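Kindly produce the complete structure, drawing on both the sequences and the hints.
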Amino acid sequence: MTVPAIEITKLDKTFGSGRKKNQALTDLSLTIAQGEVFGFLGPNGAGKSTTIKLLLRFLKPDRGSLRILGKTVGQQEFRHRVGYLSEFPVFYDHLSARETLLLSGRLSGMTRLALNQRIPMLLERMNLAEAVDRRVGGFSKGMKQRLGMANALVHDPEVLIFDEPMSGLDPVGRHQIKSLIAELKQEGKTIFFSSHILSDIEALCDRIGIIHKGVLLYSGGLRDFLGTGVSLEEQFVLVIEEADHASAA
Amino acid sequence: MQALRNIWFLALATCTEGVRHKALWAIVCLAVLLTMANLGVTTLYSWDLGKVSVEFGLSAVAFTGLLLVFFLGMKILADDLERSRIFMLLSRPVSIWHYLTGKFLGLAMILLLATTILGLSAALSMQYVLWQYPAYVPPNFSWLSYAMALACQWLSLVVVLAVSVLCFSFASQPFIALLLAVSSYLVGQNMELLRRVVVENAHAGALTSQENLVLALSWIFPNLSLFDKKYVAAYGMAFSGQEFALLCLYGISYSALLIYLATLLFKRKELA
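Residue numbers (this note's numbering), protein chains in the order written: chain W, 1 to 249; chain H, 1001 to 1272.
No wet-lab data here; the hints were simulated from the structure.
Model, not experiment: these values are computed from the prediction.
Don't take every hint at face value.
Once the Cα atoms are required to be at most 27 Å apart in a straight line, the calculated DSSO-like pairs of lysine-lysine come out as [what the hints assert, rightly or not]: (1) W:Lys-10 x W:Lys-20; (2) H:Lys-1022 x W:Lys-144; (3) W:Lys-60 x W:Lys-21; (4) W:Lys-10 x W:Lys-21; (5) W:Lys-71 x H:Lys-1022; (6) W:Lys-144 x W:Lys-20; (7) H:Lys-1075 x W:Lys-71; (8) H:Lys-1075 x W:Lys-10; (9) H:Lys-1267 x W:Lys-60; (10) H:Lys-1022 x H:Lys-1075; (11) W:Lys-144 x H:Lys-1075; (12) H:Lys-1267 x W:Lys-21; (13) W:Lys-144 x W:Lys-185; (14) W:Lys-213 x W:Lys-10; (15) H:Lys-1269 x W:Lys-20; (16) H:Lys-1269 x W:Lys-213; (17) H:Lys-1269 x W:Lys-10; (18) H:Lys-1075 x H:Lys-1269; (19) H:Lys-1269 x W:Lys-60.
Facing chain W, a subset of chain H residues (Cβ under 10 Å, in silico) [stated by the list, open to error]: (20) Leu-1010; (21) Leu-1012; (22) Ala-1013; (23) Val-1019; (24) Arg-1020; (25) Leu-1089; (26) Arg-1092; (27) Glu-1192.
Even for Gly, the Cβ is constructed at its ideal location relative to N, Cα and C.
Okay, structure coming up:
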């Protein structure tokens, strides 16, 4: 039996203390198989980014465990097998696109020779070939997002974690990123991405998870969630409203 | 081995980013102008022109170095956190130790570059003054002493940089880190004087009989006055290789200890 790509067990996370205490995640458990495209859905402030930051050990959990490809987060090294794209990718403004990818690749343990072959190919794939030696500070939002995608893929990882990869992009930019995720899916990569753009989730995902106020409301197949004749948007809003009513009661 | 490589790649990226930053070159241009002002300032004095010239040149280097540490260095560190750039690095197999050491070394390299440029610029203006007024050249003046004083100046800046990295590792806001670093610098500059006043003077006011406290503080804060060799270089006084080696050892070990402490503190920080 293959090891799950991502395994989250009984995860709790709180920010602040006393009156300012904010329970960001409560008893979150999720399993994502290898080769799966998993969409993590939820309204703003639901706990999507917190979950991703916990997966990458930027934050420490109060309780629970996280495993990526069988490696326990915080105890065993796994990051050379994971590619990460943040919602707003930020790079060193005065480094060029090539230098940025070179830095990331070298930090992931790749040789310069391998990177010299891979970087032009990746930048070509992201339509950034002409900007290879331009400083990143002058890039548009869309270009930075595509460079962020190249940065996540530079070391050819098995698991990809994207935090709102299409956020703030124009329709062309969104289409490019969506096509790329579809290609990566064809290549058999495991993709875990958060979004609140439901049409993107519908087009790309095998399974979804819905989180609201730090509580996982649903985790399973997209088709099972939709039922017949109901759009993802309608079903999503229904589930969120039901959760709000239940917590108010 | 990969740890050392990671540190080197981070140091190189930090140095490249800093070197291409407009702020660096604005500060360096200002400093070059300042060292050139040496020519004008020195002639305002009617004696000890050589001494004034050397002290002025080294002071310009020290002043510029501090501007670089407190503004460019702290800005590069703060931007990593405030703009979430740190996530790009820590999503790789990079530990906090690699990250902070790489940043520190990259910034130290920028300081070395700036000190070299400014030291050469100051040396040129000094050479002109010493050539114009040979009667005022200190009898034992040597360029080697000047170079060693310059190296001590750089070491002092490296120690201040390590203090800044430590402050950055635990302060909640970059501005607070800057305030703490500047305060530590001021204490470090005057600690030796305070220690001597308290230990050697029986009438030290409120600090009389507080020798142990002052002694303890003098071990905690960096003793920056030890690195100040302007006077020695200006008068061409004896400056042994052994003293220089001990200063290097002190500066490097103190900085290494601070970076180690910074790593421990930074690990406790949550990168929300």
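Can the hint on H:Leu-1089 be confirmed by a CB-to-CB distance to chain W that is less than 10 Å? 7 Å, holds
H:Val-1019 as chain W interface residue, shortest Cβ-Cβ below 10 Å: 8 Å, holds
W:Lys-60 and W:Lys-21 were given as a pair; does the straight-line alpha-carbon distance stay at or below 27 Å? Given that 27 Å is the threshold and the Cα spacing comes to 16 Å, the pair holds.
Measuring from the C-beta of H:Leu-1012 to each C-beta in chain W, is the shortest one below 10 Å? Holds - the Cβ of H:Leu-1012 comes within 10 Å of chain W, reaching about 8 Å at its closest.
Can you confirm whether the C-alpha distance between W:Lys-144 and W:Lys-20 stays at or below 27 Å? The given pair, whose Cα atoms are some 35 Å apart, is violated under the 27 Å limit.
Taken at face value, is the distance from the CA of W:Lys-10 to the CA of H:Lys-1075 at most 27 Å? Roughly 39 Å between the alpha carbons, so the hint for H:Lys-1075 and W:Lys-10 is violated.
Would the hint linking W:Lys-144 and H:Lys-1075 be met if the CA-CA limit is 27 Å? 22 Å, holds
Restraint status (C-alpha distance of H:Lys-1075 to H:Lys-1269 at most 27 Å): 19 Å, holds
Mind checking the CB of H:Leu-1010 against every CB in chain W and telling me if the closest is under 10 Å? With a closest approach of 8 Å, the H:Leu-1010 hint holds.
Have a go at the H:Arg-1092 hint: is there a Cβ in chain W nearer than 10 Å to its own Cβ? 4 Å, holds
Are the Cα positions of H:Lys-1269 and W:Lys-60 separated by 27 Å at most? Roughly 9 Å separates the two Cα atoms, so the pair holds.
Pair hint W:Lys-213 and W:Lys-10, alpha-carbon separation not exceeding 27 Å: With Cα atoms ~15 Å apart, W:Lys-213 and W:Lys-10 stay inside 27 Å; holds.
Of the numbered hints stated above, those contradicted by the structure are hints 5, 6, 7, 8 and 27, listed in ascending order.
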